[in-house]
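Chains as they are written, first to last, in my numbering: chain W, 1 to 217; chain U, 1 to 233.
The reader is advised that the hints may include incorrect statements.
Simulated pairs of lysine-lysine, DSS-like, Cα-Cα distance not exceeding 25 Å [said to hold, decoys possible]: (1) W:Lys199 x W:Lys4; (2) W:Lys123 x U:Lys73; (3) U:Lys5 x U:Lys169; (4) W:Lys156 x U:Lys140; (5) U:Lys169 x U:Lys159; (6) U:Lys132 x W:Lys156; (7) U:Lys72 x W:Lys116; (8) U:Lys42 x U:Lys216; (9) U:Lys42 x U:Lys73; (10) U:Lys69 x W:Lys123; (11) U:Lys14 x U:Lys42; (12) W:Lys123 x U:Lys159; (13) U:Lys132 x W:Lys169; (14) W:Lys182 x W:Lys156; (15) U:Lys73 x W:Lys116.
Stretch-level coverage of chain U by chain W, calculated; a stretch enters the list once three of its residues show a Cβ under 8 Å from a Cβ in chain W [claimed, not checked]: (16) 74 to 88; (17) 103 to 110; (18) 124 to 133; (19) 144 to 156.
Under 7 Å between C-beta atoms, here's a sample of chain W residues computed to sit facing chain U [unchecked claim]: (20) Ile66; (21) Lys70; (22) Ser134.
Please keep in mind that the hints were generated in silico from the structure rather than gathered at the bench.
Where is the CB? At the ideal position from N, CA and C, for every residue including glycine.
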Amino acid sequence: MLDKNGIAKRIAQEVKDGYYVNLGIGIPTLVANFVRDDIEVEFQSENGVLGMGPFPFEGDEDADIINAGKQTITTLPGASFFDSAMSFSMIRGKHVDLTILGAMEVSENGDIANWKIPGKMVKGMGGAMDLVASAENIIVAMMHTNRAGASKLLKKCSLPLTGVACVKKIVTNMAVLEVTPKGFKLLERAPGVSVEAIKNATEGELIIDGDIPEMKI
Amino acid sequence: MINKKVENVTEALKGVSDNMTFMFGGFGLSGIPENAIAQLVKLNLKGLTCISNNAGVDDFGLGLLLQQKQIKKMVSSYVGENDEFERQMLSGELDVELIPQGTLAERCRAAQAGFPAIYTPAGYGTEVAEGKETREFDGKMHVLEYAFKADFAFIKAWKGDAAGNLIFKGTARNFNPNMCGAAKVTVVEVEELVPVGELDPNQIHIPGIFVQRIFKGAHFEKRIEQRTVRKRA
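Let the sequences and hints guide you as you build the complete structure.
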């Protein structure tokens, strides 16, 4: 089984040279730490920066330079700042190549729920609904099951949706899966995790086709 | 040059009253109009509808208006950092409309640009689209979202001049440019009010035509919400 950094490491392999990438809050943010350094990638943060760099050195923090998680950041050479409407023009207009975000639930047809637990948690969707409605390449980073052990890869989401039929790929602590018209297609297993264990942890339709290789991390 | 300069926040906020709808620039606590908010706290207006991406934190930003129960309704995309907000929302004291962030930006921009409404794919098939007109374009479903109507827009810019021309800094830009000219009256507070002619016309982010009043903010705390750093090697 992978930890959060392991999930981020595996997703980083999906980031290709020349990509503009939007990273959501949580595990997706960690992906930036594992992207190969021999490729050129620019990270977009929807609050209005392209070319995001690492956290600033102590003492260099600037209240005017933050990411969408409200964390202080730096910019890299070639970076740019822009307003919120332009930021979502990049997203809605499909100029961002890859969107990586977290989820509470994903269904076998690619629906995603990640913004609200009725009566409990109401924080809002932020930019997630815009991202999932338009991005053509969406990878979800999530734990395969919740703390009680119940599957988060479902036949149908139980929580309010963020977007419909939009998720293409899912990387969990147990597996890499592709969303196909027939359900979740198992592509890879996490090191030491059996196909049987993944089957037991997946409520939605799971397609197992031939030998399932172990992830290379 | 048409002069937009006013002397202070008191003059800048002339005409505000109970039950109005206000827009506030800012993302988190970055680029929020701190001086206008402080004045609204002082005036203790009630029944306000506030359009702002976030709702501040408990003791700063719009959280200050929430503490005094001045806000009747919030229109935001993300409100996760404010306990008092959550309490008022769950108890039903506060009316909350949560909308996708890009839709929020575009509803401001539509008001600024004279579009009555826009179609967006964001939120289709979710509860955000419930009861709204939808339409298919090129095989994809979209939701009709209306331009905002607001009485005042409160903006924070980095530099400006008496003509109302504005330059923003870093990610403190965010919703601020989209809200300029999107309300009946646009009020801008700047860190630096420079003499007219000093700003390079090539570098201006928002031309003064979108601004009715501009003043130099007396105090900017510029609080950092999440201080994240790395150690020097």
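Next on the checklist: Does Lys73 (chain U) sit within 25 Å of Lys123 (chain W), going by the straight-line distance between their CA atoms?
Outcome noted: 15 Å, holds
Checklist entry - Given the proposed pairing of Lys69 (chain U) with Lys123 (chain W), does the C-alpha separation stay at or below 25 Å? => result 19 Å, holds
Next on the checklist: Please verify whether Lys123 (chain W) and Lys159 (chain U) have alpha carbons no more than 25 Å apart.
Outcome noted: The given pair, whose Cα atoms are some 33 Å apart, is violated under the 25 Å limit.
Item to check | Restraint satisfaction for Ile66 (chain W) [CB to CB of chain U, less than 7 Å] | outcome: 5 Å, holds
Next on the checklist: Check whether the Cα positions of Lys132 (chain U) and Lys169 (chain W) lie no farther apart than 25 Å.
Outcome noted: 30 Å, violated
Item to check | Proposed proximity, Lys4 (chain W) with Lys199 (chain W) (alpha carbon, max 25 Å) | outcome: OK: Lys199 (chain W) and Lys4 (chain W) at ~21 Å, within 25 Å.
Checklist entry - Does the alpha-carbon distance linking Lys156 (chain W) and Lys140 (chain U) stay inside the 25 Å limit? => result Cα-Cα ~22 Å, so holds.
Item to check | Verdict on chain W covering the stretch 103 to 110 of chain U, where coverage means 3 or more residues with a C-beta closer than 8 Å | outcome: Since 6 is at least three, the answer is holds.
Item to check | Outcome, coverage hint (the stretch 74 to 88 of chain U, chain W; C-beta under 8 Å; three residues) | outcome: holds (count 7)
Next on the checklist: Take the shortest C-beta to C-beta distance between Ser134 (chain W) and chain U; is it under 7 Å?
Outcome noted: Holds. Min distance 6 Å.
Checklist entry - Taken at face value, is the distance from the CA of Lys159 (chain U) to the CA of Lys169 (chain U) at most 25 Å? => result 8 Å, holds
Checklist entry - Between Lys42 (chain U) and Lys73 (chain U), does the CA-CA distance stay at or below 25 Å? => result 19 Å, holds
In summary, the structure is inconsistent with hints 12, 13, 19 from the numbered list given earlier, while agreeing with the others.
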